[in-house]
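K.L.:
One line per chain: the protein sequences are A and B, in this order.
Per the numbering used here, the very first residue in the first sequence carries number 1; after that it's consecutive.
Per the numbering used here, the very first residue in the second sequence carries number 1; after that it's consecutive.
Hints listed in this document are in silico derivations from the structure and should not be mistaken for laboratory results.
Certain hints may be false.
Lysine-lysine pairs mimicking DSSO-like chemistry, simulated, CA-CA at most 30 Å apart [as the list claims (entries may be wrong)]:
{"#": "1", "chain 1": "B", "residue 1": "K241", "chain 2": "B", "residue 2": "K314"}
{"#": "2", "chain 1": "A", "residue 1": "K55", "chain 2": "B", "residue 2": "K100"}
{"#": "3", "chain 1": "A", "residue 1": "K168", "chain 2": "B", "residue 2": "K291"}
{"#": "4", "chain 1": "B", "residue 1": "K291", "chain 2": "B", "residue 2": "K208"}
{"#": "5", "chain 1": "B", "residue 1": "K208", "chain 2": "B", "residue 2": "K100"}
{"#": "6", "chain 1": "A", "residue 1": "K108", "chain 2": "A", "residue 2": "K15"}
{"#": "7", "chain 1": "A", "residue 1": "K135", "chain 2": "A", "residue 2": "K15"}
{"#": "8", "chain 1": "A", "residue 1": "K108", "chain 2": "B", "residue 2": "K100"}
{"#": "9", "chain 1": "A", "residue 1": "K108", "chain 2": "B", "residue 2": "K229"}
{"#": "10", "chain 1": "B", "residue 1": "K100", "chain 2": "A", "residue 2": "K167"}
{"#": "11", "chain 1": "A", "residue 1": "K58", "chain 2": "B", "residue 2": "K100"}
{"#": "12", "chain 1": "A", "residue 1": "K108", "chain 2": "B", "residue 2": "K314"}
{"#": "13", "chain 1": "A", "residue 1": "K135", "chain 2": "B", "residue 2": "K100"}
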Amino acid sequence: MDKQTKLNLEKTACKVRIGIIHGVHAAKSGHPGGSLSVADILTYLYFKEMNIDPKNPKDPSRDRLVLSKGHAAPALYATLAERGFFSSDELFNLRHIGSFLQGHPDMKNTPGVDMSTGSLGQGISAAVGMALSAKHFGDNYRVYAALGDGELEEGQVWEAAMFAANKKLSNLIAFVDLNGLQIDGTIDEVNSARPVDKKFEAFGWETIEIDGHDFEQIEAALEKAKKADKPVAIIAKTVKGKGVSFMENEVGWHGKAPGDEQYEQAINELNAQLASL
Amino acid sequence: MADIKTVATRAGYGEALVELGNERDDFLVMDADLAAATQTGKFKQAFPDRFYNCGIAEQNMMSIAAGIAATGKRVIVSSFAMFASGRAFEQIRNSICYPKLPVIIGATHGGISVGEDGATHQCNEDIALMRTLPNMTVINPADAVEAKKAVRAALEHDGPVYMRFGRYAVPVIFDDGYKFEIGKANILRDGGDVSIIATGLMVDEALKAHDILKAEGISARVINMATIKPLDSAAVLAAAKETGAIVTAEEHSVIGGLGSAVSELVCESCPVPVVKLGVYDRFGYSGPAAKLLDDFGLRAVNIVEKAKAAIALKK
Numbered sequence: 001m002d003k004q005t006k007l008n009l010e011k012t013a014c015k016v017r018i019g020i021i022h023g024v025h026a027a028k029s030g031h032p033g034g035s036l037s038v039a040d041i042l043t044y045l046y047f048k049e050m051n052i053d054p055k056n057p058k059d060p061s062r063d064r065l066v067l068s069k070g071h072a073a074p075a076l077y078a079t080l081a082e083r084g085f086f087s088s089d090e091l092f093n094l095r096h097i098g099s100f101l102q103g104h105p106d107m108k109n110t111p112g113v114d115m116s117t118g119s120l121g122q123g124i125s126a127a128v129g130m131a132l133s134a135k136h137f138g139d140n141y142r143v144y145a146a147l148g149d150g151e152l153e154e155g156q157v158w159e160a161a162m163f164a165a166n167k168k169l170s171n172l173i174a175f176v177d178l179n180g181l182q183i184d185g186t187i188d189e190v191n192s193a194r195p196v197d198k199k200f201e202a203f204g205w206e207t208i209e210i211d212g213h214d215f216e217q218i219e220a221a222l223e224k225a226k227k228a229d230k231p232v233a234i235i236a237k238t239v240k241g242k243g244v245s246f247m248e249n250e251v252g253w254h255g256k257a258p259g260d261e262q263y264e265q266a267i268n269e270l271n272a273q274l275a276s277l
Numbered sequence: 001m002a003d004i005k006t007v008a009t010r011a012g013y014g015e016a017l018v019e020l021g022n023e024r025d026d027f028l029v030m031d032a033d034l035a036a037a038t039q040t041g042k043f044k045q046a047f048p049d050r051f052y053n054c055g056i057a058e059q060n061m062m063s064i065a066a067g068i069a070a071t072g073k074r075v076i077v078s079s080f081a082m083f084a085s086g087r088a089f090e091q092i093r094n095s096i097c098y099p100k101l102p103v104i105i106g107a108t109h110g111g112i113s114v115g116e117d118g119a120t121h122q123c124n125e126d127i128a129l130m131r132t133l134p135n136m137t138v139i140n141p142a143d144a145v146e147a148k149k150a151v152r153a154a155l156e157h158d159g160p161v162y163m164r165f166g167r168y169a170v171p172v173i174f175d176d177g178y179k180f181e182i183g184k185a186n187i188l189r190d191g192g193d194v195s196i197i198a199t200g201l202m203v204d205e206a207l208k209a210h211d212i213l214k215a216e217g218i219s220a221r222v223i224n225m226a227t228i229k230p231l232d233s234a235a236v237l238a239a240a241k242e243t244g245a246i247v248t249a250e251e252h253s254v255i256g257g258l259g260s261a262v263s264e265l266v267c268e269s270c271p272v273p274v275v276k277l278g279v280y281d282r283f284g285y286s287g288p289a290a291k292l293l294d295d296f297g298l299r300a301v302n303i304v305e306k307a308k309a310a311i312a313l314k315k
């Protein structure tokens, strides 16, 4: 990856994070921690990887992304807005009455949202269905999914994993946003899905472990994943709350909006990061 | 008396899948390891490339179906009513109904007439569960002919459809000329003293009840309510106004099913007595289907009793 590309992605991710904070603050609720941890992955997918057209969001031949960890909707919305699917002003309407930016993704009303998600474990199955459909009907698009690490505790994830490997869905790439925290505590305290790589491998997937905040590693992993003859899980180690100092690695920021002062501090920090790039 | 032909509605479902498969190749069929029993096995045999087995994972199957439908393709999924509507309820709600994806759920082995498998497999709650879901259409055919036609209509419908089929062979009521329309009830016998609104295998029992009542000088209207949601409110309200008393008959819990749907409407719009016949808040047990239908009071004689009770309640 050349320097300029990397710099552009870093700037974009910074803007996405600013969008997340705007949205969650305006909503006075929502999930900043897991949105900030997955922001770099979504930025790379929507700005570098996926075959999509903001002017034609329903193009049948487009690549799809299913945000299986649907509570990270603020990250998806901020990414879609930055990519031009709708105005960034809409982020200030997040979770408001009448807004198409629902608390969790709504494919019917939000341009660019490929699947309605929010109930954990179901999104990965839907992504499997999309990949199966593409393979069966001879369509060439890829399907990407983003899973939370807490989400891996849902049994349905493993039903989906078993099926995807059995049907050799090599057009499916799933990111696991391994930030190590879930609402009630660390994933190790609550009910750890570790070792995540061994589990996916036992279910017949290829796995690649990366730093989920390093664009070069994200790129390399995707290049490798696209050559696989089976579904691939990219296990991305991330920091929950990444980019906002007081939210980083703090379980309390899983599902809480910043107050006005905290909002100002978060935006100032992110603006400083953007200016330094 | 001519021989009565009996066929299970699940058989009509299986035949419909093959017929439709011959006509078009734009839909997939999935099952959760019950293909032989649900009859999707017939489709699998005819079109092995268009059939996908999900294995014993109904929740995954429902969300996979949603994903397929989200790509603009059609899909029909099958399991037993118990596991389709019960185990995978939340997947049906959130993955399929919320985005209004056109997935057809072919749920076989509905009701007490599953028989020997017993209570864990006798689902008397599926209509109630599915009826509460926004965007969902719920169809419970009376015989194999109606089942076949309903599958065809469901594949043309733009939205999720839950179809309930039975394991037990029941008399064929309709001939091939019968026209099925989603949301339309049919009056099979007209009458003025009471209306019997029946669904599924209780429709044949209702026809028998009509004859018994007729012999006693009571004129009963018999309505086949194959579509429970959206309910044909015009047919129900006409029955309430014109006959002044209603009996509902279903092989399902009296809590939440056809009887509840009819009562809800009649209470609000044209209050007349509604007496419900169904399974009264209890689990089933193992035994031959015919014996279970006797034991649970799901027979013409029981409808006759309820019809008289409904008439007695008229003001």
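K.L.:
Are the hints correct? Go through all of them and say.
P.N.:
How the hints compare with the structure:
A hinted pair counts as satisfied when its Cα atoms are at most 30 Å apart, and K241/B with K314/B qualifies at roughly 12 Å. Distance hint between K55/A and K100/B is fulfilled; the C-alpha atoms sit about 24 Å from each other, no more than 30 Å. With a C-alpha separation of about 47 Å, the suggested pairing of K168/A with K291/B is violated against the 30 Å cut-off. Distance restraint check for K291/B and K208/B: the Cα-Cα separation of roughly 18 Å lies within the 30 Å cut-off, and the hinted pair is therefore satisfied.
With a CA separation close to 39 Å, the supplied pair K208/B and K100/B exceeds the 30 Å bound. At most 30 Å may separate the alpha-carbon atoms for a hinted pair to count; K108/A and K15/A meet this at roughly 26 Å. Restraint check for K135/A and K15/A: not satisfied, since their Cα atoms lie roughly 35 Å apart, outside the 30 Å limit. Annotation: proposed proximity of K108/A to K100/B holds, straight-line Cα distance about 8 Å (limit 30 Å).
Straight-line distance between C-alpha atoms of K108/A and K229/B comes to about 22 Å, which keeps the hinted pair within the 30 Å bound. Restraint check for K100/B and K167/A: satisfied, since their Cα atoms lie roughly 26 Å apart, inside the 30 Å limit. With a C-alpha separation of about 16 Å, the suggested pair K58/A and K100/B falls inside the 30 Å cut-off, and the hint holds. Proximity of K108/A to K314/B is assessed by CA-CA distance (about 48 Å); at most 30 Å being required, the pair is judged violated.
For the hint pairing K135/A with K100/B, the CA-to-CA distance comes to about 23 Å; that is within 30 Å, so the pair holds.
The structure is inconsistent with the numbered hints 3, 5, 7 and 12, although it conforms to all the rest.
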